[in-house]
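*Asks:* Single-letter residue listing:
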Amino acid sequence: MKKTRRLALFAATATLAVGALSGCGQSATPTTTGSNGGSNSAVVNQPMVVVPSPYGTFQPNFSPFQGNANQGTDGLIYQPLFYFDNVSSNVYPFLGTNYSWSNGDKTLTVNLQQHAKWSDGKPFTSKDVVFTFNLFKKYPATDTNGVWNELTSVTANGKYQVIFQFKKADVPFAAFVLGSYIVPQHIWASLGNPSKVNVPNPVGTGPYVLGSFSPEVYTLKANPNYYGGEPDIRNLQYPAYTSNDSADLALAKGQIDWAGIFIPNIQNVYSSKSPNNKYWFPPDGDVVLYPNLTNPLLGNLAVRQAISLGINRQQIDQEGEYGFEAPASPTGLVLPNDNSWIDPSLTTSQLSYSYNPAKAIQILEKAGFKKNAQGIFESSSGQPLSFTLQVVTGWTDWDSDSELISQQLKQIGINVTVQEEQFGSYYSNLTGHNYQLTISWTNNTGPNPYYQYENMLATKGGWNIEQWSNPATTEALSNFEKTTNLAAQQQQIYKIEKVMVNSLPTIPLVYAATWNEYNDSNITGWPTAQNPYVNPAPFTGAADAVVLMHLHGR
Amino acid sequence: MKYFLHRVGFLFLSMFAAVTLNFLLPRMMPGNPATVLFAKFQGRMTPQALHALEAEFGFNHKPLIDQYFSYLGGLVTGHWGLSFNYYPTPVTSVIASSLPWTIGLVGISTIISVFMGTIIGIYIAWRRKGILDSVLPTSLMFFQAMPTFWVALMLLYIFGFLLSWFPMSHAYSNSIVPGMSGSYLLSILYHAVLPGFTIFIGSLSGWMIGMRNNMINTLGEDYIVFAEAKGISPARLMFSYTARNAILPQITSFAIALGNVVSGSILVEMVFSYPGIGYQLVNAVTGEDYPLIQGTFLIIALSVLIANFIVDLLLSRLDPRVRREGAVA
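Protein chains in written order, with the numbering used here: chain L, 1 to 554; chain H, 1 to 329.
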């Protein structure tokens with residue numbers, strides 16, 4: 001099943017998690033939402049077939065409050081105020097037009113789109129925004145971003161302005177607030193607990209509305225009254241596929257126009273079948289080797305340095321990841337997305353990994369480790385450098401990465417036993433810190449590196465499974481939160497980059513690719529490596545709307 | 001009557017065992033479904049929110065025995081819980097939307113396969129050592145020996161991908177609105193050809209060879225020789241005397257096969273993206289969707305038990321020996 005599991009789980013909420021203000025100062029400059037202008041000749045009526053991932057059959061559920069709602073619910077039907085993109089670092093306005101901070105960065109004022117209408121014809125106003133946030137408060141199960149941890153109040157100021165009061169200055173957190181999907185008060189007020197209802201007939205503000213539904217396929221059609229202009233791609237079709245195999249064949253045959261499926265041998269299976277079969281897999285996170293820092297051996301910097309030097313990341317990319325996932329940056333930054341955040345004082349050798357088993361052995365010897373009879377290094381107290389590495393069974397690329405790491409580290413005298421676990425036990429072992437080494441993901445990549453760092457390195461970070469707790473890191477993160485000044489924010493990020501490079505709290509391996517295949521025989525305007533205007537994957541919520549508003553017929 | 005009561009008693013006892021196992025097994029799996037579910041929130045949820053969600057999903061820390069009784073109560077009243085994968089859709093409606101496809105596809109292919117296999121088996125046993133008898137069993141055995149999903153992939157690749165004779169996936173065309181229209185029914189049939197044929201060809205030789213061997217055994221019985229000597233017509237001898245007696249073991253296997261219809265041909269459904277219960281089961285297991293796993297297992301267990309019960313009763317009509325022995329035991 002390769003990566004689809006991971007994508008299905010995490011991509012579904014990618015939009016909730018994506019974030020960042022890319023230091024946009026006092027107010028965000030709206031980037032155009034990609035209105036179509038006058039090119040009427042480019043309308044495409046033939047349905048565009050979208051397969052974000054093999055999902056099996058569908059249930060009639062289009063509720064933005066459930067991570068498992070059908071694709072298109074988030075972003076195409078319901079919209080957030082703003083969308084913060086992690087690939088392009090752009091901020092795309094949707095139901096908001098601009099926002100500004102005041103009161104020592106504790107008050108966030110948002111002006112709303114005045115021409116937006118719900119798809120049943122009722123106007124969209126600040127009441128709907130306030131209502132949605134009150135839903136989060138009333139039913140905590142829907143507050144999946146934890147916005148009420150940070151907010152004290154949400155109030156309307158007239159019909160088209162909303163004011164968010166924060167408990168303390170937390171500039172980057174605005175991405176989670178502004179990225180929340182807004183629902184209509186006149187419908188949801190009577191639905192009761194939103195986390196308990198299925199929504200078969202969604203009413204949203206987005207560029208698409210639900211066309212038809214069956215468990216095997218559903219369609220979305222363009223919203224003629226969309227305030228951004230009716231999209232040129234008039235019909236979308238989401239068919240169900242149960243496995244990668246069947247979806248891959250359909251993709252190769254040109255039956256799918258836009259997909260987010262993993263294809264192992266993409267040249268043979270897909271690209272060579274037609275010059276219009278294209279793909280672009282930008283990185284959207286890191287694949288990281290997490291050491292459990294409470295383990296006395298792994299808590300030793302020399303051991304972590306040796307492990308990092310003893311891993312051949314090129315081989316992992318080529319053999320484990322089919323060449324799709326280039327070696328990561330030692331800073332943990334996701335490049336090229338985060339290029340503008342690289343600390344200029346870091347040297348070239350600090351900015352890329354080198355595979356150097358000889359140096360790894362040297363470091364271990366210098367730190368007082370000695371090889372035992374089995375050729376495994378031991379500490380002075382006789383503890384061998386012998387670890388288990390937990391990975392999810394069935395995530396075949398990570399499984400083979402683990403085997404490679406085990407072989408590679410054997411050569412420098414570190415014994416690694418791969419332990420494949422079911423996702424459930426893997427996840428509870430990681431969150432319960434019941435592991436020694438593990439391969440896992442990073443969360444929340446956004447237009448700036450703060451989110452990923454905060455999630456991975458803050459003492460209370462959501463994915464600080466390695467249990468890093470370091471005053472310098474904490475201080476840099478908290479300084480970042482208190483400022484909207486780009487240069488000041490960059491200084492804080494630089495500090496954390498140095499922590500990553502010098503202290504190796506975690507060991508990045510390769511970039512995590514986002515899967516995205518598209519067919520440009522009838523449709524143009526796709527995001528590409530040359531024109532990376534937004535995250536291109538068809539499962540990234542509001543980013544999908546940005547892509548669709550940029551697409552035209554030939 | 002005594003036999004019937006025995007069977008009913010046995011049915012209830014085994015149902016009770018199945019239901020209890022069904023309750024215990026998922027709870028013995030490693031990992032906690034709650035954590036899997038919360039994984040998707042990437043650690044941003046507050047403890048209160050997690051708790052609220054936990055309560056809504058019905059994860060509670062009540063003693064196992066309490067959970068067991070509320071589970072039993074739910075079974076009887078049709079409250080099988082909400083699927084986690086499709087939350088908040090009830091398990092019953094997930095099963096209801098996928099079960100008919102599986103029963104239709106696998107059920108019909110199995111019945112055709114049994115029927116054809118038995119007829120051919122009777123025929124080649126009658127004409128044993130003829131050309132068909134030497135060619136058919138070996139050639140069909142070939143298909144049975146190959147893994148079903150591999151046959152499915154081959155058929156998909158050749159007839160779906162290369163030749164485009166048949167659709168590569170789904171139970172009906174995406175451009176047709178489901179409803180009681182001729183084009184919809186035709187589309188269903190058209191889409192069922194490849195997966196149905198995979199199941200048919202995969203099980204055909206078993207039925208054929210089983211029937212053939214039973215026939216040959218029966219043909220050696222004294223009463224057949226006697227009947228033949230008395231000049232009974234070959235057709236009557238073949239069907240009424242030999243096949244009728246030889247078919248009994250086939251019926252038992254048929255019962256088991258019918259029970260297995262519901263568990264479906266999971267791999268075939270996966271390969272052809274067929275919206276049946278097999279796919280749902282795999283999906284539920286990988287997603288640790290306990291309510292759905294329990295629901296599908298229960299349906300599968302019940303269908304096997306009930307199919308066996310019906311065949312037990314049927315067999316007792318066809319073969320009085322079974323009834324007597326059953327009553328003694």
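A few of these clues could be false.
[As the list claims (entries may be wrong)] In silico lysine to any residue, SDA-like type, Cα no more than 20 Å apart, as pairs:
#1 L:K371 with L:A358
#2 L:K410 with L:G394
#3 L:K196 with H:V177
#4 L:K167 with L:T97
#5 L:K370 with L:P471
#6 L:K253 with L:W280
#7 L:K253 with H:S164
#8 L:K498 with L:P471
#9 L:K221 with H:V177
#10 L:K221 with H:S183
#11 L:K253 with H:P178
#12 L:K196 with H:H79
#13 L:K159 with L:T97
#14 L:K273 with H:T92
#15 L:K371 with L:P384
#16 L:K253 with H:T92
#17 L:K366 with L:D399
#18 L:K253 with H:H79
#19 L:K221 with H:S175
#20 L:K371 with L:D399
#21 L:K167 with L:N149
#22 L:K159 with L:F131
#23 L:K273 with H:S164
#24 L:K196 with H:S93
#25 L:K196 with H:G78
#26 L:K273 with L:K498
#27 L:K167 with L:K253
#28 L:K253 with H:V177
#29 L:K253 with H:N174
#30 L:K196 with H:T92
#31 L:K273 with H:G81
#32 L:K221 with H:N174
#33 L:K273 with H:F161
#34 L:K137 with L:A189
I should point out that these hints are in silico values taken from the structure, not numbers from a laboratory.
*Asks:* Are the Cα positions of L:K159 and L:F131 separated by 20 Å at most?
*Replies:* Within the cut-off at roughly 13 Å; holds.
*Asks:* Taken at face value, is the distance from the CA of H:S164 to the CA of L:K253 at most 20 Å?
*Replies:* Roughly 10 Å between the alpha carbons, so the hint for L:K253 and H:S164 holds.
*Asks:* Check the hint pairing L:K221 with H:N174 against an upper bound of 20 Å on the C-alpha distance.
*Replies:* 15 Å, holds
*Asks:* What's the verdict on L:K410 and L:G394, does the C-alpha distance respect the 20 Å limit or exceed it?
*Replies:* Between L:K410 and L:G394 the Cα gap is close to 24 Å, so the pair fails against 20 Å, i.e. violated.
*Asks:* With the threshold set at 20 Å, check whether the alpha-carbon distance from L:K273 to L:K498 stays at or below it.
*Replies:* Judged against 20 Å, a Cα distance of about 46 Å means the pair is violated.
*Asks:* Within 20 Å, alpha carbon to alpha carbon, are L:K221 and H:S175?
*Replies:* It holds: about 14 Å lies between the C-alpha atoms, which stays within 20 Å.
*Asks:* Take the C-alpha atoms of L:K371 and L:A358, compute the straight-line distance between them, and say whether it is at most 20 Å.
*Replies:* 14 Å, holds
*Asks:* Check the hint pairing L:K253 with H:N174 against an upper bound of 20 Å on the C-alpha distance.
*Replies:* 16 Å, holds
*Asks:* Run the distance test for L:K273 versus H:T92: straight-line Cα separation, threshold 20 Å.
*Replies:* Violated - the C-alpha atoms of H:T92 and L:K273 are around 42 Å apart, more than 20 Å.
*Asks:* Going straight from one Cα to the other, do L:K273 and H:F161 come out at no more than 20 Å?
*Replies:* 12 Å, holds
*Asks:* Tell me if the straight-line CA distance from L:K167 to L:N149 falls inside 20 Å.
*Replies:* Measuring from Cα to Cα gives roughly 8 Å; hence the hint holds.
*Asks:* Taking 20 Å as the top limit, are the C-alpha atoms of L:K221 and H:S183 close enough?
*Replies:* Distance ~24 Å between L:K221 and H:S183 Cα, so the pair is violated.
Hint compliance for this structure: hints 2, 3, 4, 5, 10, 11, 14, 16, 17, 18, 20, 26, 27, 28 and 31 are broken, all remaining hints hold.
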